[in-house]
Amino acid sequence: MMEFITNSVEETLAAAEKVAASLSAGDIILYEGDMGAGKTHFTKGIARYLGVDDEVTSPTFALVNEYEGRLPLFHFDLYRIDSYDDLYAIGFFDYLDRGGIIAAEWSENIAELKDELGEVITVSIEKLSETGRKITVSGKYFGD
Amino acid sequence: MILGIDSSAITAGCALYDGGKVIAEQFLNTKHTHSQTLLPMVESMLKSAEVELCDVDVIAVTAGPGSFTGLRIGIASVKGMAVGAGKKCLPVSTLEAIAYNFVGIDGIICCAMDARCGQVYNALFRSENGVISRLCEDRAVKSADLYEELKQLQGRVILAGDGAELLDNVTEHSFTLAPPALRYQRGLGVCLAAEGREPVEAAALMPSYLRLPQAERERLEKESKAE
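As you go down the protein sequences, you meet chains A and B in turn.
Per the numbering used here, residue -9 is the first one in the first sequence, and the count goes up by one each step.
Per the numbering used here, residue 6 is the first one in the second sequence, and the count goes up by one each step.
Heads up, some of the hints might be wrong.
As the list claims (entries may be wrong) - In silico negatives: residues of chain B with every beta carbon more than 10 Å from chain A:
id	residue
1	Ile15
2	Leu58
3	Cys59
4	Thr74
5	Gly75
6	Val108
7	Gly109
8	Asp150
9	Glu154
To be verified - Restraint ranges, calculated between C-beta atoms of paired labels, are given here:
id	chain 1	residue 1	chain 2	residue 2	range
10	A	Gly133	B	Thr35	27 to 35 Å
11	A	Asp72	B	Met211	23 to 31 Å
12	A	Phe51	B	Gly135	52 to 60 Å
13	A	Asp87	B	Glu226	28 to 36 Å
14	A	Glu106	B	Lys227	39 to 47 Å
15	B	Ile110	A	Glu106	50 to 58 Å
16	B	Thr38	A	Glu98	25 to 33 Å
17	B	Thr35	A	Thr47	29 to 37 Å
18	B	Asn34	A	Arg60	23 to 31 Å
The hints are simulated quantities; they were obtained by calculation from the structure and are not laboratory data.
For each residue, glycine too, the CB sits at the ideal point set by N, CA and C.
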């Protein structure tokens, strides 16, 4: 397990870059954390590490945003997705074969998903204050 | 002459077939997305074969089951080509296209495609004396349930499709895993499955996603709760 206490957006981005340095093609990050915790900011840090030029924005409306970097980055918001049927119909499973990094928010809505994904990286973001965050990274590469 | 096209799962393929003669075939098993590779592949095949789209009688395509994105790319591409060239289309079952790889190889052909979350899309076929006959409708089943069903079958059972490897793991090699050259859906299988069938207008060509029983149940449950 790896733990970060960050006190600004910039520090959250830097933490994400450190985590991103361990990632390789096909890796899956599942986020835990409330709205406004900083999941999109964390994804921005991953994108920065991967050399993505495009601006990273929340995938809430699009369900998934794709970014071209040294590895492709797929940022999902599964908040409105709560069944296998829906996952199939947004092409989620097809992204698993694309050889990129998947960073997904709200995956806990679909019970059967966790078994399908195998070993994933869990990034849990807890709000300590307006700007302070506790970021806990566990799972693949990072341990329990 | 039939132009057969498949992009229903990870692999993509196309073939030209004319009354018993295989004119051309291409196959890709890469991670490149079909939206970037399918049309250039078809175009290069037609060019190599010196065949124009207007020479083709019908365009056949795997309409499902398969990956959501893959099916949509295949169907949309074929609709576009058919409308542009004024041709009719012929949707075929992906599982049936796989079964047609085994013409001339006798046995029960179990076609299984990985549907994720422990499920496979499956249909069983009998291949006998050069004829492929269907033993059950296309369905979505738990791979463990399918394994139990396969154990009851008599005779040689050949496992094919990208879900065959999943089944092979649980069967401890008691069945025959199709060799790589025959295992996946290919353009030629699409053509053979389409041969002699009645084509449809491009507008009537639709993907047939096989809804999973589990997913159906979930949805029905949700709907009944909402009422």
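Evaluation of the provided hints:
{"no.": "1", "hint": "Ile15", "result": "violated (6 Å)"}
{"no.": "2", "hint": "Leu58", "result": "holds (28 Å)"}
{"no.": "3", "hint": "Cys59", "result": "holds (33 Å)"}
{"no.": "4", "hint": "Thr74", "result": "violated (4 Å)"}
{"no.": "5", "hint": "Gly75", "result": "violated (7 Å)"}
{"no.": "6", "hint": "Val108", "result": "holds (29 Å)"}
{"no.": "7", "hint": "Gly109", "result": "holds (32 Å)"}
{"no.": "8", "hint": "Asp150", "result": "holds (16 Å)"}
{"no.": "9", "hint": "Glu154", "result": "holds (22 Å)"}
{"no.": "10", "hint": "A:Gly133 - B:Thr35: 27 to 35 Å", "result": "holds (34 Å)"}
{"no.": "11", "hint": "A:Asp72 - B:Met211: 23 to 31 Å", "result": "holds (26 Å)"}
{"no.": "12", "hint": "A:Phe51 - B:Gly135: 52 to 60 Å", "result": "holds (54 Å)"}
{"no.": "13", "hint": "A:Asp87 - B:Glu226: 28 to 36 Å", "result": "holds (30 Å)"}
{"no.": "14", "hint": "A:Glu106 - B:Lys227: 39 to 47 Å", "result": "violated (20 Å)"}
{"no.": "15", "hint": "B:Ile110 - A:Glu106: 50 to 58 Å", "result": "violated (33 Å)"}
{"no.": "16", "hint": "B:Thr38 - A:Glu98: 25 to 33 Å", "result": "holds (28 Å)"}
{"no.": "17", "hint": "B:Thr35 - A:Thr47: 29 to 37 Å", "result": "holds (30 Å)"}
{"no.": "18", "hint": "B:Asn34 - A:Arg60: 23 to 31 Å", "result": "holds (24 Å)"}
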